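Heads up: the protein sequence lines correspond to chains C and E, in order. Numbered per my numbering, the first sequence spans residues 1 to 175. Numbered per my numbering, the second sequence spans residues 176 to 427.
Watch out, some of these pointers could steer you wrong.
Only pairs whose alpha carbons sit at most 27 Å apart, straight line, appear in this in silico DSSO-like list of lysine-lysine [to be verified]:
hint	chain 1	residue 1	chain 2	residue 2
1	E	K269	E	K308
2	E	K203	C	K104
3	E	K362	C	K164
4	E	K262	E	K249
5	E	K233	E	K216
6	C	K172	E	K203
7	E	K318	E	K362
8	E	K249	E	K216
9	E	K262	E	K240
One-sided excerpt, in silico: chain E residues whose CB lies under 8 Å from chain C [said to hold, decoys possible]:
hint	residue
10	V180
11	H208
12	T209
13	T234
14	L427
If you're looking for bench data, these hints aren't it; they were derived computationally from the structure. From a predicted model like this one, the values you see are computed outputs, not experimental measurements. Don't be surprised by glycine CBs; every beta carbon is placed ideally from N, CA and C.
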Amino acid sequence: MFWLPRFQIIHPTTYLAINTLSLIFHFSFLSYFILRVIPNINNWRYYKKYHLIVSISVALVIIYDLNRNSFSLSFTLSNFILFILCLIYFTFLLESHSINPILKSSIFWVVIGIFICTGISLPVNIINDHILKNGKDLISDDNKRLMGSIGVIPYALMHLCFTKAYWCDLRKITK
Amino acid sequence: MIYLVIITTLMICILTGFVMYIVYRYRKNQINHTENLEQIKLGYEKSLLEIQLEIQEKTLQHVSKEIHDNCNQKLSLAKLHLTTMNKNTSEAMKVPIENSICIISGVIEDLSNISHSMSSEILIANGLLSALKNEISQIEKLKLFNIEMQYVGEDLLLETNIELVLFRIAQEAFHNIIKHSRAQNVKVTIEFSKKEISLHIVDDGVGFEMNTNKIEGIGLANMAQRTKLMNGNFFIQSTPNIGTHLISKIPL
Chain C
1 MFWLPRFQII HPTTYLAINT LSLIFHFSFL SYFILRVIPN INNWRYYKKY
51 HLIVSISVAL VIIYDLNRNS FSLSFTLSNF ILFILCLIYF TFLLESHSIN
101 PILKSSIFWV VIGIFICTGI SLPVNIINDH ILKNGKDLIS DDNKRLMGSI
151 GVIPYALMHL CFTKAYWCDL RKITK
Chain E
176 MIYLVIITTL MICILTGFVM YIVYRYRKNQ INHTENLEQI KLGYEKSLLE
226 IQLEIQEKTL QHVSKEIHDN CNQKLSLAKL HLTTMNKNTS EAMKVPIENS
276 ICIISGVIED LSNISHSMSS EILIANGLLS ALKNEISQIE KLKLFNIEMQ
326 YVGEDLLLET NIELVLFRIA QEAFHNIIKH SRAQNVKVTI EFSKKEISLH
376 IVDDGVGFEM NTNKIEGIGL ANMAQRTKLM NGNFFIQSTP NIGTHLISKI
426 PL
């Protein structure tokens with residue numbers, strides 16, 4: 001969302017605060033969701049503690065980021081943790097002996113959405129940051145818009161998967 | 176900038192591929208798991224069936240023994256008493272006593288036949304062919320239909336379990352023919368080969384519709400279960416007013 005300060009729609013501090021709050025909500029809600037839906041999780045207490053530690057770490061990184069008027073590090077870290085949680089979900093899913101059709105599971109589609117979104121956002125965000133730090137002035141407006149559009153793609157894909165998940169649930173209800 | 180586009184496209188492809196791999200692995204696991212469940216279920220059903228048939232067999236043996244050792248002995252004793260009474264009684268009473276002796280003798284013979292039919296002793300001692308011949312000779316006495324038996328191939332020494340299963344299937348089939356078929360001719364064929372033994376029972380009775388529920392009640396399920404227990408195949412073909420052909424094939 002680096003183009004926002006350029007258009008001066010909102011004050012950079014407000015913009016940072018909104019982004020940080022949405023990041024906290026995004027991370028805590030989605031990570032809790034994934035932890036809750038992991039199939040046959042044996043040591044729930046252990047994962048709860050792990051989640052607490054990770055949340056504190058993310059909070060500390062956010063504070064650190066706020067001090068330097070940025071949220072790139074906390075964004076990358078929270079995305080990375082969500083990505084790892086998705087991988088944990090997949091590992092448990094393959095170990096589970098479920099006979100339900102996986103493509104009809106709404107939970108699976110939600111996790112797929114999070115996985116694709118975080119998986120694409122991670123490198124895209126790192127590259128965007130790198131480009132903006134090293135050659136912000138050299139980038140044309142068209143390219144900045146292109147970078148912005150690419151940054152939106154993972155979220156579009158995630159919401160597509162969420163729609164599919166909703167569709168699966170809707171079919172179950174109508175059946 | 177072009178790298179950003181390439182990396183994004185590449186990431187989309189890699190992650191989509193990964194998701195597809197997860198789905199593929201899940202489905203593979205699902206198939207394996209379903210197969211395992213099926214095998215466990217089959218094993219459980221087989222052991223259940225084995226126990227069921229064992230209990231059935233033991234009950235038959237017990238009833239057979241009881242008929243032979245208890246009922247027949249008591250009837251023989253009653254017959255002996257009547258015979259003794261007959262010697263010392265008046266002429267007027269002799270006829271009814273002799274009639275009673277005749278009836279008791281008939282009952283003893285009938286019970287003896289039932290006892291032999293239930294018992295597997297003949298089968299164990301003399302083999303399947305002898306046991307079937309004995310069973311057929313008992314049925315012939317009823318004079319309900321013509322029954323002939325033939326065997327193809329060499330009379331092999333079979334496992335007792337296989338012989339017992341085939342014998343009980345034949346008995347059940349004979350019972351059905353007597354009770355339902357109104358057949359004129361019945362043909363029993365046993366085919367021995369190196370790989371399997373087949374029992375064919377063909378009658379020219381009234382037959383039945385294959386897709387009716389009636390067939391469930393005439394012991395066919397029992398016959399099929401017995402064959403399945405020996406890893407064999409059970410077939411039945413029936414046409415109304417033409418007859419029924421029953422086949423039980425058991426691998427050796």
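Are any of the numbered hints broken by this structure? If so, which, sorted upward? Failing hints, ascending: 1, 3, 8, 9, 13 and 14.
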